[in-house]
Amino acid sequence: MLKQTEGSHAVAEAVALCRPEVVCAYPISPQTHIVEGVGELVKSGELRNCEFINVESEFAAMSVAIGSSAAGARTYTATASQGLLFMAEAVFNASGLGLPIVMTVANRAIGAPINIWNDHTDSLAMRDSGWLQLFAETNQEALDLHIQAFRLGEELSLPVMVCMDGFILTHAYERVDMPTQAQVDAYLPPYSPRQVLDPAEPVSIGAMVGPEAFMEVRYLAHAKQRQALERMPAYAAEFKSIFGRDSGGLLHSYRADDAETIVVAMGSVLGTIKDTVDEMRAAGDKIGVMGLTLFRPFPSAQVRDALQHAKRVVVLEKSFSIGAGGILATNVRTAISALPIDTYTVGAGLGGRAITKRSLHALFRGAIQGKLEFLTFLDLNREVVDKQLAREAQKRRSGPIAENLLRDVGVVAAKIV
Amino acid sequence: MEKPFAITLDPGSSLANRTGSWRTYRPEYLDRLPPCNAACPAGENIQAWLFNAESGDYEKAWRSLTVNNPLPATMGRVCYHPCEGACNRQHLDASVGINSVERFLGDEAIKRGWKFVKPEKQSGKRVLVVGAGPAGLSAAYQLALLGHAVSIYEAGPAAGGMMRFGIPKYRLPRDVLDSEIARIVDLGVELRLNTHVDDLKQAMAEGRFDACFLGVGAHIAKRAYIPAGDANRVLDAVSVLRSMEGAHEEEMKPLLGRRVVVYGGGNTAIDVARTAKRLGAEESIIVYRRTREKMPAHDFEVEEALQEGVMMKWLSTIKEAGEGELTVEKMALDENGFPQPTGEYETVAADSLVLALGQDADLSLLGKVAGLVIDQGVVQVDAAMMTGCPGVFAGGDMAGNDRTVTVAVGHGKKAARAIDAWLRGGKYEASPKPEMATFERLNTWYYSDAPKTVRPVLDIIRRQSTFEEVLGGLDETNAQFEARRCLSCGNCFECDNCYGVCPDNAVIKLGPGKRFVFNYDYCKGCGVCVAECPCGAIRMVPEEN
Amino acid sequence: MSYQPISFYQTGTFTVGNRLLAPDERSVQAQVKRYNSLNSGHRACQGCGEALGARYAIDAAMEAAHGQLIAANATGCLEVFSTPYPETSWQIPWVHSLFGNAAAVATGIAAALKVKGKHDVRVVAQGGDGGTTDIGFGCLSGMFERNDDVLYICYDNGGYMNTGIQRSSATPPAARTATTMAVGAEPGNPFGQGKFVPAIAMAHDIPYVATATVADLRDLEAKVLRAMEIRGARYIHILVPCPLGWGTASGDTIKMARLAKETGFFPVFEAEQGVVTGVLPIRKKLPVEEFLRPQKRYAHLFGKQPKVDVIAKLQALADRNIRKYGLLGEEH
Ligand SMILES: Cc1cc2nc3c(=O)[nH]c(=O)nc-3n(C[C@H](O)[C@H](O)[C@H](O)COP(=O)(O)OP(=O)(O)OC[C@H]3O[C@@H](n4cnc5c(N)ncnc54)[C@H](O)[C@@H]3O)c2cc1C
Ligand SMILES: Cc1ncc(C[n+]2csc(CCOP(=O)(O)OP(=O)(O)O)c2C)c(N)n1
Ligand code: SF4
Ligand SMILES: [Mg+2]
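Residue numbers (my numbering), protein chains in the order written: chain A, 1 to 417; chain B, 1001 to 1545; chain C, 2001 to 2332.
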């Protein structure tokens, strides 16, 4: 059924259609509307057979989710930003225990400085947590990915994070096609846990594992996660057969067949990028787009296939590993490392900075012209940072004069660095 | 269920981890010797029979008791219960009333008509027992149980020895004694009354006995030289008490008069004084040369006598017995605690003077027995109660200076077992005594607080005028309560503590009556069970390697 | 002539079992076929009070739940010694997630059971004092406040033992730990700090709060059984001496718990809906010194010159407990 609704609400409804049995709620922008929505559905009686628990923290939210999932209940929660980090320990734990919890992350920057606006730092901080991470481009996809996430997670017995851009998607009123309960039921079988806390068949879940077996445990987690690379496309196909639309999968290329320049990105920014690319195509530029839906496990082979004919790849990411550079870009670069492709890392939209078509035009143009540096920041206010850097350089304690002199002539530099 | 590798484990699988290898000390169960048992001259396994009484299995308790002593109803009245003096519970509140429970069991047995079980096989050996006092009865009982043909030759007209002809009725009703003796006789013991053995060798030869046990007691009253004007009025305690029994037709109730003085400080003196009171004496005075603390009589008996109006004159000796009065010299204790004359005299009005100065044994029957050694009137025996003459054993008052019914019973038992061994050509070895269950071995935290049960006492008027039994017995409720005050020193009473307190579940409970065993596969040797065993029935021993 | 009542059982209910009691009056631990929820082969130190307390408590809960019990366990000694791969000592469905979230995990389990209609399956959460009074306190308070149907059991051994005996908010004053060494002007754990979570639990007005020690099994079991009769959030705080952390002989574990109770150092009571409903009275009051002296963590109080002032302060704490909870019983 088509309807005009807020992204958060669309997700809440979709989650409800998945018949979650336990939902843990804790407020944090821009996720809050989602759990509010689910809560209302539970309270009104529309979503039956569901325990909606107002917990005291995100750490508790994930912990409650761990308990309920281990006891065999389909479990959902949502968070963002500080909340995700607050529950970080439990996030790792949920995947270590192999519990198919589904969690929406309404992506938001991490403080300090505290900032409520969108970027991907939060989810990407959890990229090694063992969770599957799906990134939605649109509200429709966000909605669809939640349904697929339950299917995928429960099949693999692994938790899944559905990432959607805070505010940009969560708070946007868009038209979505809301599936029917029958469709969802046809697609998503009832949760049948791989392992469950059950007095009839007692087991101890969560043993302490020492060096003698820990590596193997980690390897097996990796192998298991990688199974998603086959499942995701299959589930997307099945999804299409029931719901009649393309949604999910590993990645989506757009006008990339003959592209010399391919822009790689995740999430809602893909829309703006595609618009820009359309305009540049119209101007004759051989430019295309590759949008990544599945970030974890990282579909390296498929990324390589999608990018192999490009001359250059511009990875535009809403995340940034301070002191190192891109995160998505590093993953992409590794995937295509054997290919003679120039890869550019562009930090963009951090803390909610608007990503405009105008800036993108300039960015892509620069890349095509070979003028782009390998690591840049879209619309960085150079003036501000330069001034600050200059101020700091002046104020910085200069240390003993003799040493400064030596440093100037380069004698101790090697030792210092 | 699909269990993820290493993270999810099968229940209880740690059994594969034998933590017993950590141990440097191992716990071991043992039975330590309870102090009551150690103190019992009859060798009763008191803790064991209390254990049965605790659960209300009185017959089992009685059977357990009578393994060592066939006279519980009697003992429950006359025994001076050294067991209670040794009882560990006295350090908590008061000793367990062992004696009262014993009496309850004995009375219960009489009431219910419990009998001893005759042995299945007879040995074919014949044993003579001389004297039907407690020593003789005990020996006869044990020998009969061991399958020997036993004959008791008793000089007197009834069995019981001093239990009958010494101990007054108000302490030991005769029907009680009669029932317990009858039960022994019922085992097939031949009891020949009015049969004084004058010549042991002859008696043995005539009766074709293979061995004999002597328990002739000590019946000849000791006398002190007291110049007496009217000798008729000076009597001896044993005769007085004996005549109370009217054993011989010719013996009349003694005529003691209104004012009776008893000379001596032992239990016999007390018994006579109390008897005199009951016979109507207005004054019954005990004269003793030392202080109350030094009196050999038991304190509770002195107390009872005082309650009944018996008077005491301590630190006094009788110098002369005149017409209707006695001359008494006051004594004073010297620095060593011995009484010394002071030269101060007084007179005490008295219609009669009863001497209670102890008894000697009449050993004339032993004249022709070779090898037998008598030292200061006491027949010498070895550790197995055998005299210098092989096959002739002795016990009771004649064979020791510790003269009580209980000692006599113990002697009789021990001698019987030794006779049995001797008849089989062996030598009796007492089983080695386990280590003591001292108070320090106990963890008394675990016992409920419970004061000793007081036995009912006859009211004072009837005590002064009748020979009714003074001390009552316990009813079932009280007897069981009293039994349950037992701390079960040194012996497992299945409180389940070790089973419960083991942090490693390394104690296996075998079920009622079967106690516990350690599972050394898992016992880490922490010692919590030892510390928390209430009764000290576990010890730690170093592991060998 | 006063006759004693027949209901005298030699040891009453002080011992674990008592052959004189009717079988249904005996303790859970006395049963030949008890659950042994925590099986042999675990790797707790010799004489570990926590291992003992856990079996006591969980077996009782199992009894109450007719074997239908699931446990969530915080990180700590209990977890580490019971479930090192490849073996677990638990015979019940059991999950360990993290150090600070046992209460929340249990909430989740309870929610799942509720939604699945498994009303007969009950949930316990358990953890050490660190996992309860410190790092897990937020989750615990949340669980209380929501009145989730969970029995939380804290095994208080007075410190972070698993990580090598560091101070927790349940470490008593003056105790030496690896982070409150017996050095300086005020050796050991400072006075005036720490918290008593049972009282805080009561402030949540939850249906049931109790304290217990491994020295009074029957009391402990009665409390677990009582707690299991109730639905909603329940809290039992069990003192479990740690031979390693306290520096006591491995055989003295129960004795130490007993001394803690008999000196008033650790009050044993129960409360319903925030109101104290009963105390386990001191049987033979002892000076707090008797509790302190056997412990190496207090050795600095008993050198050549005993720190009488510090001992007096600890005695004052015990005395305060005695007054506050009426530990001397009714006649006092
Ligand atoms: C007044 C009094 C009160 C006592 N009160 C207690 C008490 O309360 N508790 C306690 O434990 N002890 C008490 N005693 C001591 C106790 O009675 C004796 O120690 C005990 O009876 C000794 O037992 P026995 O078998 O050795 O000798 P006896 O009891 O003296 O028995 C010896 C028997 O051998 C018989 N006999 C002797 N010579 C011959 C022979 N030649 N041929 C055949 N038969 C013979 C005697 O007739 C007698 O029946 C008391 C003693 C007296 C005198
Ligand atoms: C988040 C976190 N912080 C710290 C630890 C380290 N840690 C593991 S167990 C433990 C101590 C546990 O103490 P307590 O809860 O009192 O249990 P005990 O070991 O004393 O039984 C600590 C600090 C951890 N595992 N997780
Ligand atoms: S350190 Fe303490 S709590 Fe931990 S296992 Fe050892 S005794 Fe038990
Ligand atoms: Mg602790």
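Mixed in with the good hints, there may be bad ones.
[Claimed, not checked] Mimicking DSBU-like on lysine-lysine, the simulated pairs with C-alpha atoms at most 30 Å apart in a straight line are:
no., chain 1, residue 1, chain 2, residue 2
1, C, LYS2284, B, LYS1452
2, C, LYS2118, A, LYS43
3, C, LYS2255, B, LYS1452
4, C, LYS2296, A, LYS224
5, B, LYS1003, C, LYS2116
6, C, LYS2116, A, LYS43
7, B, LYS1003, C, LYS2255
8, C, LYS2284, B, LYS1514
9, A, LYS224, B, LYS1003
[Stated by the list, open to error] Pulled a few chain B residues facing chain A out of the computed Cβ check, cut under 8 Å:
no., residue
10, MET1001
11, LYS1003
12, LEU1009
13, LEU1279
14, GLY1280
15, GLU1282
16, PHE1518
17, ASN1519
18, ASP1521
Think of the hints as simulated: they come from the structure by calculation, not from any bench. Backbone N, C-alpha and C fix where the C-beta goes; we use that ideal spot for every residue, glycine too.
Given MET1001 (chain B) was flagged as interface, is its beta-carbon under 8 Å from a beta-carbon of chain A?
-> 5 Å, holds
30 Å limit on alpha-carbon distance, applied to hinted pair LYS2116 (chain C) and LYS43 (chain A) = 18 Å, holds
Would you check whether GLU1282 (chain B) satisfies its interface hint, that is, whether its CB is within less than 8 Å of any CB in chain A?
-> 85 Å, violated
Against chain A, with CB atoms and a cut of 8 Å, does the hint on GLY1280 (chain B) hold up?
-> GLY1280 (chain B) check fails; min Cβ-Cβ to chain A is 83 Å, beyond 8 Å.
Has the given pair, LYS224 (chain A) with LYS1003 (chain B), been kept, meaning a C-alpha gap of at most 30 Å?
-> Cα-Cα ~14 Å, so holds.
Given hint LYS1003 (chain B) near chain A, where the shortest CB pair must fall under 8 Å = 6 Å, holds
Are ASP1521 (chain B) and chain A close enough, Cβ to Cβ, to be under 8 Å, as the hint says?
-> 21 Å, violated
30 Å limit on alpha-carbon distance, applied to hinted pair LYS2118 (chain C) and LYS43 (chain A) = Satisfied, since the Cα-Cα distance of roughly 21 Å is no more than 30 Å.
30 Å Cα cutoff - pair LYS2255 (chain C), LYS1452 (chain B) | Roughly 27 Å separates the two Cα atoms, so the pair holds.
Given the hint that LYS2284 (chain C) pairs with LYS1452 (chain B), test it: the Cα-Cα distance must not exceed 30 Å.
-> 19 Å, holds
Restraint status (C-alpha distance of LYS2296 (chain C) to LYS224 (chain A) at most 30 Å) = Judged against 30 Å, a Cα distance of about 50 Å means the pair is violated.
Can we keep the LEU1279 (chain B) interface hint, with Cβ of chain A closer than 8 Å?
-> 81 Å, violated
The structure is inconsistent with the numbered hints 4, 7, 8, 13, 14, 15, 16, 17 and 18, although it conforms to all the rest.
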